[in-house]
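Asker: The opening position of the sequence shown corresponds to residue 4 in the numbering used here, with each subsequent residue numbered one higher.
Warning: the hint list may mix true and false statements.
[Stated by the list, open to error] Per label pair, the in silico range of CB-to-CB distance:
1) 22 to 119: 46 to 56 Å
2) 237 to 424: 36 to 46 Å
3) 295 to 97: 33 to 43 Å
4) 22 to 172: 49 to 59 Å
5) 219 to 299: 45 to 55 Å
[As the list claims (entries may be wrong)] Taking lysine-lysine and the PhoX-like style, the derived pairs with C-alpha atoms no more than 20 Å apart in a straight line are:
6) 233 to 195
7) 237 to 219
8) 355 to 237
9) 198 to 248
10) 355 to 233
11) 237 to 139
12) 315 to 233
13) 219 to 198
14) 248 to 195
Simulated from the structure, these hints should not be mistaken for laboratory data.
Glycine included, C-beta positions come from ideal geometry on N, C-alpha and C.
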Amino acid sequence: MPQDFPTIQAAITAARGGDTILIAPGTYSESLKITQSLTLQGQSRDAVTLQGNRQDPTVTITRVQDVTITDLTIRDGSGGTGDQGRGGGLHIEDSAVTLRNLIVRNNLRNGLLARRSTLTVRDSQFSSNQFDPAGKVGRGITLVQSNATIENSTISGNAGGAVGVLGSQAQIRGNSVTDNGFGIDVFDNEGKASKAVIENNTIARNVEEGILVSDKSEAEIVNNRITDNKPDAKGEFGDGIAVDKNGRATIRDNTISDNAGVGLDLSENAHATLENNTIARNVEDGIFVTDNSEVQILNNRIIDTKANAQGKFGRGIALTDSARVTITSNTITGNKEYGIGLGRAVQATILKNTISDNGGGIFIGFGDVSGETAQAEISQNTIQNNSDCGVLVDSDEPQIRITGQGNNITDNRRGNLCGDMFKFPPGFGGGR
4 MPQDFPTIQA
14 AITAARGGDT
24 ILIAPGTYSE
34 SLKITQSLTL
44 QGQSRDAVTL
54 QGNRQDPTVT
64 ITRVQDVTIT
74 DLTIRDGSGG
84 TGDQGRGGGL
94 HIEDSAVTLR
104 NLIVRNNLRN
114 GLLARRSTLT
124 VRDSQFSSNQ
134 FDPAGKVGRG
144 ITLVQSNATI
154 ENSTISGNAG
164 GAVGVLGSQA
174 QIRGNSVTDN
184 GFGIDVFDNE
194 GKASKAVIEN
204 NTIARNVEEG
214 ILVSDKSEAE
224 IVNNRITDNK
234 PDAKGEFGDG
244 IAVDKNGRAT
254 IRDNTISDNA
264 GVGLDLSENA
274 HATLENNTIA
284 RNVEDGIFVT
294 DNSEVQILNN
304 RIIDTKANAQ
314 GKFGRGIALT
324 DSARVTITSN
334 TITGNKEYGI
344 GLGRAVQATI
354 LKNTISDNGG
364 GIFIGFGDVS
374 GETAQAEISQ
384 NTIQNNSDCG
394 VLVDSDEPQI
404 RITGQGNNIT
414 DNRRGNLCGD
424 MFKFPPGFGG
434 GR
């Protein structure tokens with residue numbers, strides 16, 4: 004705009020659609036309301052600060068189709084309390100907004116909340132946003148029934164989580180997502196499922212999960228580094244990726260390592276394809292599949308899974324409770340307890356894997372569980388140099404059924420085949 008104004012809000016009120024408002028260096032204690040198309044541009048994000056009043060959102064945008072905000076810091080706003088709440092730094096409804104080169108920090112409830120909006124975020128920082136006085140949310144970014152692109156940004160140190168995708172479409176690429184209460188959560192809102200692409204991000208040191216996909220929502224998770232995620236205050240979780248409650252995910256070309264919990268936790272009728280990932284040095288299980296979930300596990304490296312603090316588990320792949328799983332052409336090595344374990348009512352096809360140098364190779368049936376009905380086809384695998392059995396079948400479970408042939412089962416210290424030998428078909432390998 005060609006003239007000066009006493010406040011930024013005065014300039015916004017005087018602006019015509021499409022105007023650009025240039026903001027000189029300084030700290031401005033205002034809560035802005037934008038209801039028309041414009042560009043709000045600071046000299047730089049280190050030089051210009053919009054400081055809220057800790058009671059209202061610092062910037063509110065409603066029913067506008069072209070707003071751009073660049074090169075400034077937004078802080079000390081509040082999204083209020085209650086079930087709905089708002090964005091503390093930025094609250095956006097029914098609008099189309101582009102945000103570039105911002106710092107959004109020290110806001111209550113949400114750094115940013117977008118509802119029924121189209122949002123583009125690039126080259127920005129969302130940090131140290133906090134819970135509201137009732138202890139709710141505390142996310143850097145919350146998307147509600149919106150369409151968003153979030154790229155090349157840093158989302159860190161937010162008390163309640165980095166990004167919440169609720170009933171929304173989201174492209175989340177090239178970001179650093181670290182040290183938050185949660186990482187990236189993808190789930191429904193008012194019965195509307197989400198769909199997200201999560202690609203080329205570093206997702207590290209978050210609490211509970213790096214990524215959660217739930218409530219019939221879908222995610223494509225590609226080429227991320229998901230590492231060092233931590234347990235909650237009770238010492239639980241700390242998983243790399245969790246998919247549950249009819250969630251669906253394609254998980255490809257990621258490194259999922261050194262998490263305090265399970266590498267991938269797939270439960271409650273999850274559907275997933277895991278392909279070409281490195282899943283390393285996680286705790287208890289590299290991959291855990293349960294609760295009627297259906298999973299394809301293809302061409303992954305599942306290595307060096309560790310026991311928990313009580314010295315238990317350390318399983319490469321653990322399957323139980325009616326899981327239906329195909330495991331093909333993976334390298335499964337260095338896992339403390341065993342490479343693959345099958346429990347209650349599991350149906351598994353295990354083909355062309357290398358399963359070596361684990362505590363055990365393949366264990367079918369958990370010794371302390373009765374009534375197991377696992378079924379497995381096991382063919383053309385190399386199972387060798389495991390310190391326990393190559394393939395062990397629980398001897399007291401008559402309903403366990405094994406088919407398959409052509410396995411190379413050698414040099415397993417306790418024995419190549421263990422348990423009920425009559426369950427192994429002719430031509431299976433390892434002496435049968």
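Asker: Taking the beta carbons of residue 219 and residue 299, is their distance inside 45 to 55 Å?
Answerer: Given about 19 Å between the Cβ atoms, the range is violated.
Asker: Taking 49 to 59 Å as the stated bounds, is the beta-carbon spacing between residue 22 and residue 172 within them?
Answerer: violated (30 Å)
Asker: For the pair supplied as a hint, residue 355 and residue 233, confirm whether the alpha-carbon distance does not exceed 20 Å.
Answerer: Judged against 20 Å, a Cα distance of about 34 Å means the pair is violated.
Asker: Given the hint that residue 248 pairs with residue 195, does the C-alpha gap stay at or below 20 Å?
Answerer: At roughly 14 Å apart (the allowed maximum being 20 Å), residue 195 and residue 248 satisfy the hint.
Asker: Against the range 36 to 46 Å, how does the distance between the Cβ atoms of residue 237 and residue 424 compare: consistent or not?
Answerer: Given a distance of about 44 Å, which is inside 36 to 46 Å, the answer is holds.
Asker: CA of residue 355 to CA of residue 237, is that 20 Å or under?
Answerer: Violated, because 40 Å separates the two Cα atoms, which is more than 20 Å.
Asker: Within 46 to 56 Å or not, the Cβ separation of residue 22 and residue 119?
Answerer: The hinted range 46 to 56 Å is violated for residue 22 and residue 119, with Cβ atoms some 25 Å apart.
Asker: Are the Cα positions of residue 315 and residue 233 separated by 20 Å at most?
Answerer: holds (18 Å)
Asker: Holds or violated: residue 198 with residue 248, Cα cutoff 20 Å?
Answerer: Since the Cα atoms of residue 198 and residue 248 sit roughly 15 Å apart, the hinted pair holds (cutoff 20 Å).
Asker: Straight-line Cα separation of residue 219 and residue 198 no greater than 20 Å?
Answerer: holds (9 Å)
Asker: Under the criterion that the straight-line Cα-Cα distance not exceed 20 Å, is the pair residue 237, residue 219 satisfied?
Answerer: Roughly 28 Å separates the two Cα atoms, so the pair is violated.
Asker: Would you say the C-beta atoms of residue 295 and residue 97 sit inside 33 to 43 Å of each other?
Answerer: With Cβ atoms ~39 Å apart, the hint holds.
Of the numbered hints stated above, those contradicted by the structure are hints 1, 4, 5, 6, 7, 8, 10, listed in ascending order.
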